[in-house]
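Taken in order, these protein sequences are the chains called A and B.
Heads up: the first sequence runs through residues 14 to 1000, numbered per my numbering.
Heads up: the second sequence runs through residues 290 to 537, numbered per my numbering.
Certain hints may be false.
Straight-line alpha carbon distances no greater than 30 angstroms define the calculated DSS-like cross-link-like pairs of lysine-lysine that follow [what the hints assert, rightly or not]:
| # | chain 1 | residue 1 | chain 2 | residue 2 |
| --- | --- | --- | --- | --- |
| 1 | A | 759 | A | 610 |
| 2 | A | 271 | A | 759 |
| 3 | B | 537 | A | 574 |
| 4 | A | 284 | A | 785 |
| 5 | B | 537 | A | 689 |
By construction, these hints were calculated from the structure, which means they are not laboratory data.
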Amino acid sequence: MRIEVAYLRPGLDSRGRKLGAETLDVYLTENVFGLTSELASLVFADPVVQRAVTDGSGPLVAPKADWNLLIEVSFKAGVTNPMALTAREALANALRLPGNHLPESAVVQTATQWLFSRDDLSLGANQALAASLHNPLIQQAVVLTRADWDSGKRPPALYPLVHLGEVSAVVTIPMTQLEGDALVQLSKTRLLALTQPEMEAIRNHYRDPATQAARRELQLPSEPVDLELEMLAQTWSEHCKHKIFAANIAYTDTTTGKTEAISSLYSTYIKQTTRDLEPKRTFLRSVFHDNAGVVQFDDDTLVCFKVETHNSPSALDPFGGAITGIVGVNRDILGTGKGAKPIFNTNYLCFGDPNTPADELPTGLLHPKTVLRGVHQGIIEGGNHSGIPTVAGGFLFDESYKGKPLVFCGTGGILPASVNGEASYLKHVDAGDLVVMLGGRVGKDGIHGATFSSLALDETSPTSAVQIGDPITQRKMTDFLLEARDLGLYKGITDNGAGGLSSSLGEMAESSGGVRIDLDLCPLKYQGLAPWEILVSESQERMSLAVDRSTLEAFLALARKRDVEGTVIGEFTATGRVDLTWGRQLIGSLSMEFLHKGLPAMNLKATWVPPKFTPREVPDLPLGSTLLRLLADPTVASKESLVRQYDHEVQARSVVKPFCGEKMDGPTEGAVLKLKPGSNRGLTVTHGVNPRYGDTDPYQMAWNAVDEAYRAHIALGGDPDNASVLDNFCWPDPVQSATTPDGEYKLAQLVKTCQGLRDACLFYGLPLISGKDSMKNDANMNGKKVSIRPTLLISLMGIIVDVNKAMTTDFLAAGDVIVLLGDTRAELAGSTLEKVLRSDDSALRLAGTPTVHPEASLKLYRALASALQSGLLASVHDLADGGLGVALAESSLGGRLGAHVTLDELPGLRSAPPAVGLFSESPGRFLASVNPTQLADFRKAFRGLPAAEIGVVTADASLVVDREGQTVVRLAQQELLHAWNTLGRLQ
Amino acid sequence: MSTVTAGILTGFGINADQELGQAFELAGARVVWLPVSTLLEEPSRLDQLQILGFPGGFSFGDHLGSGRVLAQWVKNALQDSLTGFTERGGLVLGVCNGFQTLVKMGILPNLKGDWTPETTLIGNEGGVFQDRWIRVRANPANTSPWLRGLGDFDLPIRHGEGRFQVRDDQVRKTLHEKNLIALTYHGGNPNGALDDIAGLTDATGHIFGLMPHPEAFTHRLQHPLWRRRADLGTLGLKVFANGVDHWK
């Protein structure tokens, strides 16, 4: 049956309005027995404003009689369609079927029909319109003109279904006799993403007489079978094993001429940093080995935090990539310890310039605006539909992200300190426990996700790597799991992300010492998957659990009751092997030892040659109009139009929201959350990221990123001695090769960034509790390579002792004294001013990398933290992108007040051009305001520190900046607002 | 009666259930969180409740229209039990997705007494989900216990489908004449709702549904202007206190 649902009157359809179209919801069913037109109408139409027809007359009854073009968009076969899943449940309920489930033979599809009235009905125009309504990777569009319709053409009664051939049996892959190129070729054709040395290690393992003997005993072929190779490739992928961070690196610094051997960047700079901090940071509970870092919040409560990236999928399908990223990192939290509840999302999104002319884009790449729209929608639905507030984050626009966007998805979680009498961060997987797969079913979606993301994007990137997350299925699973956790119904849990079952069970089996996976028992979305596909599929919304036999029945019964599918698919063992079976027969087996420790370390070279720029002095600039240009830069501009679409308040914890100020549109430094009713202790969430500083000095880039996140934490009122950070590295390929001739330099940038990260975290006492890296952020399209700027995102989660002392950036009252805290130096390399000026002259470089002066900064931060505890300040804004000028504008706009300041006595700065004072990005600074009644106390608190009273908050709603008695900037609030709201006008 | 028990529905994509329950607890109620699947199996659970809360969220993903599938499930299984519950004087509160569910079931405003849907909530005029604080005004002529002592106050809205619509002019007229309109947006209509309608009650006043989130304003730090204003007006908590006090 084809059911078309139309509005009764024009003007009700908000989806079509923007495009001047009218839309209809279409449902297509087959083998749904007992379904009548009447019942369909009851289920699918809102009787107050809609009607449903089942005779194909939808376009004729829709309130758009003059339509001349019909475009119907539907999902391709096999793509996750949560709406169709809900439609099935609704139909089953209406038909009173037991368990509200339709039989497997029933088909339910959905589509959206768009009706347009257009002047230009040329083929080209119609195709362009259709292209703007769907992503051909996952959707299909049927285009019919009114003339087609009148000649009897109609959209199909049913769209094609997944039809796979017979299940291909297990294939043996002869490789013990292969050498060199043949091994590389095998890796390529099977999309294993393994290098020659890695393929050789596998070959040698199978050649090994011990392996041969073991396989004979197990009655397995002596050559590897496909599912063994696939499991090795997933487990050994860059995505899962972080091979570059684990590599042996010979690092040469040409400025000193010295070469040092670094054995694993991860162990040397990240893990060791936290180990060094452990004695004085006693709040650490579980770091590095679980899905997320866990710290103590108060006596009864732990919190955890994880940030992931989902860049490659978002480049192909921005919506699907982003939503999958969100629900994926939510699952990391759900799988942390005994299972934590997600309480906030925070996302940092990096795109190419949304104003990039289309002809400047290499073919094959989606336009940054298209990527922005899709990713943004994915973030909206991923968070909002899951009931997890998106509390912080940011947007960064830079031309280097037009090849691959960076989609950093972060989630924080909460768990009681103990569950059923045991510390909640512990989990157990013992031999004899049953393997339970929970949540969604397995399909072809996301096969090779882990290996694909370990490669550069090119024209042949596999579409099967795309998945679409389904927040509702996951929400049901989340509610169920937290209930089951508190009842003690399972022992161990982890999420299924990259690499699917092969990764999750491979990891869990490390605790017990082995696992048997019965692949034929895994519930499938549709028949016809090969065993290896089931093993590595990345179909979403799945968790893997270890369940004790004694609680299995109760676990599965509760799952059924909560409409969550749980299936026993094997058993944890102590055999030292991963055994793979089909129909009770062993079809593959890998030694745990080889799987987890057989990967040879990479040996890489890194060479640091300082970049040679000839920086220019700051040119003579019209300061007012330049400030407006900075405010209009998409990275600086107001994100309100985008962020208002995120639910940032669900769960009712927000104390500092994404916006503050009189009109609730001023930016904040991050989030403050009041975690528990009856307690004033809270959490802060902030970020720091400065990829452009890395152009001249990656070491300082890392220092700045850490400093920015910490500075924001301090500005919010956070405790200087209680914060933890996460590192997320996104890099272009740093391995020297024919396609990456500058690999040694990019790897040296990585080394220097790691060194800066370590030094900054050790100095400020910020333990690294979790992190992730994504190392192949390049796109090769038509021979043109676009690589991202090396990017380090720091995400901070800290404690604020009393949320009543939380601070915001908005000026509160006319007459308050404006103060600048921290030294200003002429530091404009990589600044927003430089970026804006480079859009006129791409060769231009300004001097002075913003450089952290840690001793001075920490002294100031401690003074500020204690002044905030004493309530001495009315507003605090940290200085970051765009320096003092932008902060002044933002604090004024937030308060809808004016400001009158002078640049004459900025701490640390003598006789520099006014543009330096206004736009320098020296870190370690804040713009604050003080009520005159507290000025004496303020002066006392900051005696001996770099603090200057530079002006006063005014009631006349304009921004006035003087220097040496001359007014150098005079801007009305309306001018500032207009520039700052650029993104809101982006079409 | 000394103990007032509020049941809060959970599951199937409902997601603002924790804070809805906490708001009732702050107002002095005993709270039980009740999975929808449990209530459908055991409708007699209603006998132990004085108040039933339909929280916000995205039940069934709002996939066939906000609140529609949950409304269908509840109506099919519980029409008689819920009618009995309200006839015994039980109070019902629906917030956001809960409000959408109540109107789509037809239990609100229930002009004919047989749960025929007369009103609905559709996609915002602006076409997108919005999270922002707005001002609402309680209808002084509506005598529902939920509204006692409420005038103008601030609450957040967080929805993509809050545009109130009616079947026809007769329904609209009846809503006004019988004073079933409970809340209106004041100083700006955020979603294109007919007559600025933000919330409704049934004729008994016992069933109250609203798009804004009173449970998200139970203490002053939740208001976005808490650092700028000494007086933030009435808290959303008052709604819950009204529901609980009605039973005391």
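To see whether the hints hold, each was checked on the structure:
1. For the suggested pair residue 759(A) and residue 610(A), the alpha carbons sit about 27 angstroms apart, so the restraint of at most 30 angstroms is met.
2. About 18 angstroms separates the Cα atoms of residue 271(A) and residue 759(A), which keeps this hinted pair within 30 angstroms; it holds.
3. With a C-alpha separation of about 35 angstroms, the suggested pairing of residue 537(B) with residue 574(A) is violated against the 30 angstroms cut-off.
4. Taken as a hint, the residue 284(A) and residue 785(A) pair is honoured in the structure, with Cα atoms around 12 angstroms apart against an allowance of 30 angstroms.
5. Distance restraint check for residue 537(B) and residue 689(A): the Cα-Cα separation of roughly 27 angstroms lies within the 30 angstroms cut-off, and the hinted pair is therefore satisfied.
Violated hint: 3 only; the structure is consistent with all others.
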